[in-house]
Amino acid sequence: KQEVTQIPAALSVPEGENLVLNCSFTDSAIYNLQWFRQDPGKGLTSLLLIQSSQREQTSGRLNASLDKSSGRSTLYIAASQPGDSATYLCAVKDNQAGTALIFGKGTTLSVSS
Amino acid sequence: KAGVTQTPRYLIKTRGQQVTLSCSPISGHRSVSWYQQTPGQGLQFLFEYFSETQRNKGNFPGRFSGRQFSNSRSEMNVSTLELGDSALYLCASSRLGGHNQPQHFGDGTRLSIL
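So the sequences go chain by chain: A and B. Under this note's numbering, the first residue of the first sequence is numbered 3, with each subsequent residue one higher. Under this note's numbering, the first residue of the second sequence is numbered 2, with each subsequent residue one higher.
Everything labelled a hint here was simulated from the structure, so no lab data went into it. Yeah, the Cβ is synthetic: ideal placement off N, Cα and C, and Gly gets one too. Keep in mind that the hints are not guaranteed to be accurate.
Below, a sample of chain B positions facing chain A; criterion: calculated Cβ distance under 8 Å [stated by the list, open to error]:
hint, residue
1, Gly-43
2, Leu-44
3, Phe-106
Using the sequences and the hints given, assemble the complete structure.
Pasting the structure below:
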């Protein structure tokens with residue numbers, strides 16, 4: 003059964019710092035991996051989706067990488083801003099679960115000014 | 002383009018009651034999935050509907066059910082509510098529900114059971 007883990011559970015950084023969020027998964031037979039952002043009391047906003055055949059995706063200050071063989075993904079945030087404060091979730095779609103997303107429990111990021 | 006709309010945003014119910022939550026997907030999207038989010042368990046998949054048919058189901062008791070209408074709108078019903086059903090219920094839609102299509106989420110319905 004696929005399990006997704008995100009470490010650390012919480013992270014605090016000063017504004018301007020570059021940071022990396024980690025996501026690991028136990029079964030490498032995935033279709034894709036998706037990173038989401040969740041603000042308090044809100045739904046999920048899709049940030050990046052990496053297909054299983056891809057190594058990375060970029061959007062603005064965000065870069066996500068995927069190493070399927072080792073079961074790892076990272077989300078790199080450059081020049082962090084207070085507006086980046088949120089919970090970041092990664093989710094995989096794998097062969098066993100079909101169309102369901104399997105989520106990690108997230109990393110709560112706080113960026114101070 | 003309007004996003005995924007969930008109604009109501011907040012609900013308070015008592016144990017034993019039943020509740021119906023509604024989700025309107027993005028226009029043109031035919032797949033609707035439901036998730037439950039709690040502090041302890043995180044986000045867990047409930048079920049997915051595509052063209053009015055349940056295509057996938059998570060590991061939840063039969064008290065949780067859903068349906069999808071011909072206009073792709075979906076409803077989720079929970080019967081005989083328990084305290085543990087208190088959660089944020091999120092709906093997500095995608096165009097065809099294929100494995101490599103991104104899912105777009107609504108803001109959820111916060112259900113509180115007293």
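Cross-check of the supplied hints:
1. Gly-43: Nearest chain A Cβ about 4 Å off; hint holds.
2. Leu-44: 4 Å, holds
3. Phe-106: Since chain A brings a Cβ to about 4 Å from Phe-106 (chain B), closer than 8 Å, the hint holds.
In the structure shown, no violation is registered for any of the earlier numbered hints.
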